[in-house]
Amino acid sequence: MNSVFKQFLRLPSNFETFRRFYTPRRALLYVPGDDVKKITKTESLDVDCVAMDCEDGVAINKKDVARETIRGILDKGKPNKSRKYDWGVRANSIDSGLCEEDLKSLLTAKNLPDTVLLPKVQNCDEIKWFSDKVSSIISGNNSVNLIIYIETAMSFINLPSICKTAVDLSKNSKFRPCALVYGGDDFVASIGAIKTEENTETLYARQKLVLVAKAYNLQAIDMVYIKYKDLEGLKKQSEQGLHMGFTGKQVIHPGQVPVVQNAFLPTSSQVEWAQGLLKSFKEHQKTGKGAFTYRGSMIDMPTMKQAQNIIEIVNLAQK
Amino acid sequence: MNSVFKQFLRLPSNFETFRRFYTPRRALLYVPGDDVKKITKTESLDVDCVAMDCEDGVAINKKDVARETIRGILDKGKPNKSRKYDWGVRANSIDSGLCEEDLKSLLTAKNLPDTVLLPKVQNCDEIKWFSDKVSSIISGNNSVNLIIYIETAMSFINLPSICKTAVDLSKNSKFRPCALVYGGDDFVASIGAIKTEENTETLYARQKLVLVAKAYNLQAIDMVYIKYKDLEGLKKQSEQGLHMGFTGKQVIHPGQVPVVQNAFLPTSSQVEWAQGLLKSFKEHQKTGKGAFTYRGSMIDMPTMKQAQNIIEIVNLAQK
Amino acid sequence: MNSVFKQFLRLPSNFETFRRFYTPRRALLYVPGDDVKKITKTESLDVDCVAMDCEDGVAINKKDVARETIRGILDKGKPNKSRKYDWGVRANSIDSGLCEEDLKSLLTAKNLPDTVLLPKVQNCDEIKWFSDKVSSIISGNNSVNLIIYIETAMSFINLPSICKTAVDLSKNSKFRPCALVYGGDDFVASIGAIKTEENTETLYARQKLVLVAKAYNLQAIDMVYIKYKDLEGLKKQSEQGLHMGFTGKQVIHPGQVPVVQNAFLPTSSQVEWAQGLLKSFKEHQKTGKGAFTYRGSMIDMPTMKQAQNIIEIVNLAQK
Chain A
1 MNSVFKQFLR LPSNFETFRR FYTPRRALLY VPGDDVKKIT KTESLDVDCV AMDCEDGVAI
61 NKKDVARETI RGILDKGKPN KSRKYDWGVR ANSIDSGLCE EDLKSLLTAK NLPDTVLLPK
121 VQNCDEIKWF SDKVSSIISG NNSVNLIIYI ETAMSFINLP SICKTAVDLS KNSKFRPCAL
181 VYGGDDFVAS IGAIKTEENT ETLYARQKLV LVAKAYNLQA IDMVYIKYKD LEGLKKQSEQ
241 GLHMGFTGKQ VIHPGQVPVV QNAFLPTSSQ VEWAQGLLKS FKEHQKTGKG AFTYRGSMID
301 MPTMKQAQNI IEIVNLAQK
Chain B
1 MNSVFKQFLR LPSNFETFRR FYTPRRALLY VPGDDVKKIT KTESLDVDCV AMDCEDGVAI
61 NKKDVARETI RGILDKGKPN KSRKYDWGVR ANSIDSGLCE EDLKSLLTAK NLPDTVLLPK
121 VQNCDEIKWF SDKVSSIISG NNSVNLIIYI ETAMSFINLP SICKTAVDLS KNSKFRPCAL
181 VYGGDDFVAS IGAIKTEENT ETLYARQKLV LVAKAYNLQA IDMVYIKYKD LEGLKKQSEQ
241 GLHMGFTGKQ VIHPGQVPVV QNAFLPTSSQ VEWAQGLLKS FKEHQKTGKG AFTYRGSMID
301 MPTMKQAQNI IEIVNLAQK
Chain C
1 MNSVFKQFLR LPSNFETFRR FYTPRRALLY VPGDDVKKIT KTESLDVDCV AMDCEDGVAI
61 NKKDVARETI RGILDKGKPN KSRKYDWGVR ANSIDSGLCE EDLKSLLTAK NLPDTVLLPK
121 VQNCDEIKWF SDKVSSIISG NNSVNLIIYI ETAMSFINLP SICKTAVDLS KNSKFRPCAL
181 VYGGDDFVAS IGAIKTEENT ETLYARQKLV LVAKAYNLQA IDMVYIKYKD LEGLKKQSEQ
241 GLHMGFTGKQ VIHPGQVPVV QNAFLPTSSQ VEWAQGLLKS FKEHQKTGKG AFTYRGSMID
301 MPTMKQAQNI IEIVNLAQK
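Chains as they are written, first to last, in UniProt numbering: chain A, 1 to 319; chain B, 1 to 319; chain C, 1 to 319.
If you are wondering where the hints come from, they were derived from the structure by calculation, not from laboratory data. Hints may contain errors.
If chains are identical, the list can't say which one is meant, so a pair holds when it fits in one copy or spans any two.
As the list claims (entries may be wrong) - Pairs of lysine-lysine, DSS-like flavour, derived with a Cα cap of 30 Å:
id: 1; residue 1: K305; residue 2: K104
id: 2; residue 1: K84; residue 2: K164
id: 3; residue 1: K38; residue 2: K305
id: 4; residue 1: K195; residue 2: K235
id: 5; residue 1: K104; residue 2: K289
id: 6; residue 1: K62; residue 2: K282
Just chain A, same shape as in the assembly (with noise of 0.2 Å):
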């Protein structure tokens, strides 16, 4: 990045190691754990993200089965190494008595997922124990990305401490917090609300878990769309959170992969519009104008931080 626009967007001195480290999440596919046909296929998919799941995607009786299919997947090391995205392992929460024997399996297999996510965190002692986990289950120098899942109501009180420990337990520990998932169906179930298309019900939580993940340097996934044909609906609710600032969402099918991933990419008229605007403003500036006025809007510094930040999405995406 052009070192003059840093010094007026007034990027943390760490830019260019978190640009380094950014991995997309746009889509988040979710895999069942037990059945390594399907895990198989996800390999050949354009995704982001995928999550072996032992949680929610699998039955009681099938957990053990998840875990060793799992393990024997991390053995054989991370398929398609010539196309970067996150391969990753959803543990069943703390609270569920089942997390330990899933860190125990996954977190010793002959290679390391790039990511464990962590469901219904509620609380900073539960990134406390995992902190102490991973530090004492993984071998050597290694780690692992952290995504936490805020699912309940008691989460969203305890938001910004579960994000400041997750921050500060990182620096001396074996893993990197890197997102909040907003895990919609729990949370709705959580205050007894009812969903409706719109989802104005949950506007709180869902830009609450926005603001507190961009205040941490989160990134921030959104809810599940659960009618996984019905490719219009997701494609509006895809965009509903990019414009709260979202900047990936959950997918439980893989029809809703291309989908989800060209929503959160900014159009090409946005594109057109930033990089016109970024030009206009460096010829302003040199000039020695602070704010100018550019296809009928009065510009000065925070549109512009928002048309770099279109510029930014890009070139994350197409790394």
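Chains B and C: place on chain A using the hints.
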């Protein structure tokens, strides 16, 4: 409840206790405490919850009349014993300076009300004050339910700590916190907003109240609809609250009761959907499938919990 | 104000003091600090609040010019003394490293501005820093108003503590916190959202800002509408803010001033409704009725307060 479900749904271990004490409060009807005729009339109504009012429904020069009238009613004992409903009194707010006299007068009657409704709670100190007062005023091992009113900007800032304090103190006091009330008109006045028919301007406050209430296992009771002749508008606003997770609504006229109590029950098509889903879920779990499709949607545990909620609401209201 | 009302409305004991210092800021107009011609032009405008800008409206290589220009204006003294309005300067943010020089230059002029506008406040330490600086820089017993800008995700997490710190420190310092500004475009950039015309994507942030502002008796000033030629869109967005409880709006073009200042006054039908209600209320209180019907609505104290708010806004703006 079927113990298999309990395991799957990870219900709290005290769920049966919770259920035994659960009183639906779909409609919470106010009646002026100084009007014995109106109070007597409510005894023949099929309403979940009656609040004999000492606060805003009573003029400042009638507070003594209200106390004496309600005390007389309490002395005679709860009418209509064949029907389960909540028999409550709304005291004046603590910061009005009138609350102590209200409690001393009403909680030393020959019979306790089921519930004390405490308006305009702003911070934890007021909960502490209330806890101390009821402990010293109520004789023996008796106790009352507490309904907490959240009506000002500062109350919303302190909301999680107000609830935590109430739950914590109740363990060694003579009250049980059971619900939060959203005092919509007072809140709108407190922040200088202007009410619209859609209530978009108070989404943040209402949804925060629901979320915090549910995190502490409290009911959430929605705003008054003051246009008491407009039953269609009342129905619409009731459904808006239901979708957000409110469990009931305040009403200021007997004519509003049936509309509201009906609106806070799931519809027959929701019940039919939920029953079908639970049946289908059991069958799939037996065959070891964690996720399955049902009427065009991909279902796993979270949607199951939403279906279970629907059945529970019906069961609890019909108890 | 009638003392009967005061008692009923439970106004703070310092209400008259509050009112004496209350300055309406319906429109807050920016003018580039390096452009003496534009600054001079604002002196003839009927605008509630002018902010001579050192921050985003001034190019990075013109910061010194802006300081000198504004200092020259301050030295000459507040123009247009016959008209009551707010005469302010916007400094650069503390984390830019430019703020101290701004304050040293502007707060040692022959005349103080009424108000310092401080952008991108993120935490309590920055309020402490500001408090220390103004105490040491401003001579004698003089003081300035402080307007705090909330523009990033982290600022929203820290919002209640930022306000509390400002109110607490102001008691022994040389500033009085009087308003929060919602820096909408910076905030949208901060969370990576995409602005839509309806602004649904920022309901959480805007409504949290209003709520916290009002809890600390601060004004709440809404986002800029950057399409400065679209006065119909400006009017609509102004009204949206008014309904939420905002007391004013930032403007970036003189042509926006009358639209905004008009929108942040109650309409004549609202005033007529409120006056009728207050009259009716007084009559009913005399006869000992706490609640009564008025134009099809059941009225008690909370609706009364809303009516009183409407009358107050008109009175304060016309002062």
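Q.
Are any of the numbered hints broken by this structure? If so, which, sorted upward?
A. Per hint list: zero violations.
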